[in-house]
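> Sequence:
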Amino acid sequence: MSIIEKKQTGVRIPIRIVTAAALFDGHDASINIMRRILQASGVEVIHLGHNRSVEEIVNAAIQEDAQGIAVTSYQGGHMEFFTYMRQMLDERGAGHIRIFGGGGGVIVPREIEELHKAGIDRIFSPDDGRKLGLQGMIDIVIQGCSYDPLEKDLKLNGSSLPLARNITIAERGDDSHSFYEIGDGSDKTIPVIGLTGTGGAGKSSLTDELVRRFINDFPDKRIAVICVDPTKRRTGGALLGDRIRFNTLKNNRVYLRSLATRDSNSEISDQVGPVIDTVKRAGYDLVLVETAGIGQGDSEITKYVDLSLYVMTAEYGAPSQLEKIEMLDYADFVVINKFSRRGSEDALRDVRKQYQRNREAFHLRPEELPVFGTNAAQFNDGGVTALYAHMVAQLNEKFKLGWQSQHQPDKTRASKISQYIIPPGRERYLSEIADVSRKYRDWASEQAGIASELDSLQQAI
Numbered sequence: 001m002s003i004i005e006k007k008q009t010g011v012r013i014p015i016r017i018v019t020a021a022a023l024f025d026g027h028d029a030s031i032n033i034m035r036r037i038l039q040a041s042g043v044e045v046i047h048l049g050h051n052r053s054v055e056e057i058v059n060a061a062i063q064e065d066a067q068g069i070a071v072t073s074y075q076g077g078h079m080e081f082f083t084y085m086r087q088m089l090d091e092r093g094a095g096h097i098r099i100f101g102g103g104g105g106v107i108v109p110r111e112i113e114e115l116h117k118a119g120i121d122r123i124f125s126p127d128d129g130r131k132l133g134l135q136g137m138i139d140i141v142i143q144g145c146s147y148d149p150l151e152k153d154l155k156l157n158g159s160s161l162p163l164a165r166n167i168t169i170a171e172r173g174d175d176s177h178s179f180y181e182i183g184d185g186s187d188k189t190i191p192v193i194g195l196t197g198t199g200g201a202g203k204s205s206l207t208d209e210l211v212r213r214f215i216n217d218f219p220d221k222r223i224a225v226i227c228v229d230p231t232k233r234r235t236g237g238a239l240l241g242d243r244i245r246f247n248t249l250k251n252n253r254v255y256l257r258s259l260a261t262r263d264s265n266s267e268i269s270d271q272v273g274p275v276i277d278t279v280k281r282a283g284y285d286l287v288l289v290e291t292a293g294i295g296q297g298d299s300e301i302t303k304y305v306d307l308s309l310y311v312m313t314a315e316y317g318a319p320s321q322l323e324k325i326e327m328l329d330y331a332d333f334v335v336i337n338k339f340s341r342r343g344s345e346d347a348l349r350d351v352r353k354q355y356q357r358n359r360e361a362f363h364l365r366p367e368e369l370p371v372f373g374t375n376a377a378q379f380n381d382g383g384v385t386a387l388y389a390h391m392v393a394q395l396n397e398k399f400k401l402g403w404q405s406q407h408q409p410d411k412t413r414a415s416k417i418s419q420y421i422i423p424p425g426r427e428r429y430l431s432e433i434a435d436v437s438r439k440y441r442d443w444a445s446e447q448a449g450i451a452s453e454l455d456s457l458q459q460a461i
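Under the working numbering, the first residue of the sequence shown carries the number 1, and numbering increases by one thereafter.
Where hints are given, some of them may not hold.
Derived SDA-like pairs: lysine to any residue, alpha-carbon spacing no greater than 25 angstroms straight-line [unchecked claim]: (1) Lys221 with Gln404; (2) Lys324 with Thr302; (3) Lys152 with Arg12; (4) Lys188 with Ile169; (5) Lys411 with Ala377; (6) Lys303 with Gln404.
Estimated spans, in silico, between C-beta atoms of each pair [what the hints assert, rightly or not]: (7) Ile244 with Phe179: 48 to 58 angstroms; (8) Asp442 with Asn216: 46 to 56 angstroms; (9) Ala29 with Asp435: 22 to 32 angstroms; (10) Gln321 with Pro423: 24 to 34 angstroms; (11) Ala451 with Pro319: 50 to 60 angstroms; (12) Thr235 with Asp277: 26 to 36 angstroms; (13) Leu430 with Glu397: 39 to 49 angstroms.
Just so you know, these hints were derived from the structure itself, not from any lab.
Glycine residues also receive a C-beta, built at the ideal position from the N, C-alpha and C atoms.
Please take these sequences and the hints and turn them into a complete structure.
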């Protein structure tokens with residue numbers, strides 16, 4: 001595991017690095033290789049994917065309180081891209097964040113030298129790859145990022161770095177550092193909503209859609225999102241990739257911080273409670289906590305939140321498997337995401353029945369239960385809007401918030417299948433076309449063979 005251990009306090013400091021491919025660059029093969037090696041080397045990798053602007057990368061590095069940034073650029077424009085990144089980090093009081101990059105033969109030696117003089121820590125060339133190898137280059141990146149960000153001077157210049165630093169202190173449980181004063185949320189009620197569910201159920205996409213509706217619904221309110229991803233027990237590394245799914249982070253009223261579970265053996269970090277309290281003190285109006293993927297018997301998130309959502313898909317197996325899911329006993333809302341998939345309507349019926357049995361809510365009709373069918377990957381999905389409206393209504397009822405939402409709860413509980421571009425029954429239509437073409441060619445070849453044999457027979461007669 002790539003960590004720094006402070007001898008004075010014994011506090012272990014994991015290394016966090018933001019990885020991305022540059023703007024207008026779709027060549028993500030190399031950055032994917034690099035971030036995998038970083039993760040295998042024990043680094044907590046905040047991966048942004050490809051086609052990312054300087055502002056997106058810098059915002060992520062500051063909010064995540066990362067020690068370094070690693071970017072590949074094969075599309076050109078690297079001189080302006082890297083120098084602007086260094087300039088923006090310096091302007092926002094984050095000049096301590098190291099920058100590493102590469103672009104194969106696109107970045108020539110003369111440009112590499114200029115970038116190093118401009119404050120870029122290291123631009124790797126093809127010669128470096130041949131001499132050092134992949135792991136050798138990664139080791140240089142890790143060595144350059146092996147410092148404690150809490151020991152760097154911090155300028156309170158209006159950026160989100162003070163909050164990021166407070167979260168780092170809370171996450172470590174390090175009493176040797178004091179919190180920065182950055183707002184006062186003690187005089188207002190700040191609800192916390194938790195989203196949990198199986199891996200691959202679309203929790204991040206759903207969270208992003210809920211955030212989008214919230215910031216559009218309440219232009220004067222701010223929202224913070226805490227995303228937890230698992231730490232690899234063998235290497236100590238972690239892939240914190242939830243930012244890839246978020247399209248709302250450009251709004252300065254949205255703050256996102258990724259956490260690794262680290263030494264925790266559950267779906268959330270041991271320090272998620274102090275981190276939530278830290279975000280509350282910063283004065284955000286709503287906090288969302290998204291856990292790592294969970295199993296059937298996990299429900300740890302309910303200890304820390306005011307409302308909980310369990311996100312699943314229709315692929316849970318036989319209906320009897322629903323009886324084993326612990327969160328169906330505790331979740332305030334159950335969401336069947338990716339509702340366009342085959343079998344989702346049957347799953348909605350079965351989950352409603354199980355929810356009704358678990359809560360002994362036989363006085364309610366199944367359609368009235370808080371079980372929703374959503375398709376978060378579709379823009380402005382009706383199922384997500386219905387879920388959001390009921391969430392806001394329940395928060396108002398529970399905390400007397402008085403939030404006036406433009407979305408009011410109604411009888412809608414699921415996405416409309418008719419809205420989808422490709423109907424569920426035609427998802428394989430391209431494969432069907434290919435199958436028909438292959439069968440036709442096979443038939444034509446067979447007929448040609450028969451005709452050839454008949455011709456040979458006729459000539460023989």
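> Against each hint, give a clear statement of whether it holds in the structure.
A quick look at each hint next to the structure:
At most 25 angstroms may separate the alpha-carbon atoms for a hinted pair to count; Lys221 and Gln404 meet this at roughly 12 angstroms. For the proposed pair Lys324 and Thr302, the alpha carbon gap of about 17 angstroms is at most 25 angstroms, so the pair holds. The suggested pairing of Lys152 with Arg12 holds, with an alpha-carbon distance near 17 angstroms, which does not exceed 25 angstroms. With a CA separation close to 24 angstroms, the supplied pair Lys188 and Ile169 stays within the 25 angstroms bound.
Between the alpha carbons of Lys411 and Ala377 the distance comes to roughly 22 angstroms, so the proposed pair stays at or under 25 angstroms and holds. Distance hint between Lys303 and Gln404 is unfulfilled; the C-alpha atoms sit about 28 angstroms from each other, more than 25 angstroms. The supplied range of 48 to 58 angstroms is broken by Ile244 and Phe179, whose beta-carbon atoms lie about 30 angstroms from each other. Separated by about 54 angstroms at the C-beta atoms, Asp442 and Asn216 satisfy the suggested range of 46 to 56 angstroms.
Taking 22 to 32 angstroms as the suggested C-beta distance range, the pair Ala29 and Asp435 conforms, at roughly 31 angstroms. In this structure, Gln321 and Pro423 meet the distance hint of 24 to 34 angstroms, their C-beta atoms being roughly 27 angstroms apart. Under the hint 50 to 60 angstroms, the C-beta atoms of Ala451 and Pro319, about 55 angstroms apart, fit the expected range. Checked against the hint of 26 to 36 angstroms, the pair Thr235 and Asp277 passes, with Cβ atoms roughly 30 angstroms apart.
The hinted window of 39 to 49 angstroms between Leu430 and Glu397 holds, with their beta carbons roughly 48 angstroms apart.
Going through the hint list in order, the structure does not satisfy hints 6, 7.
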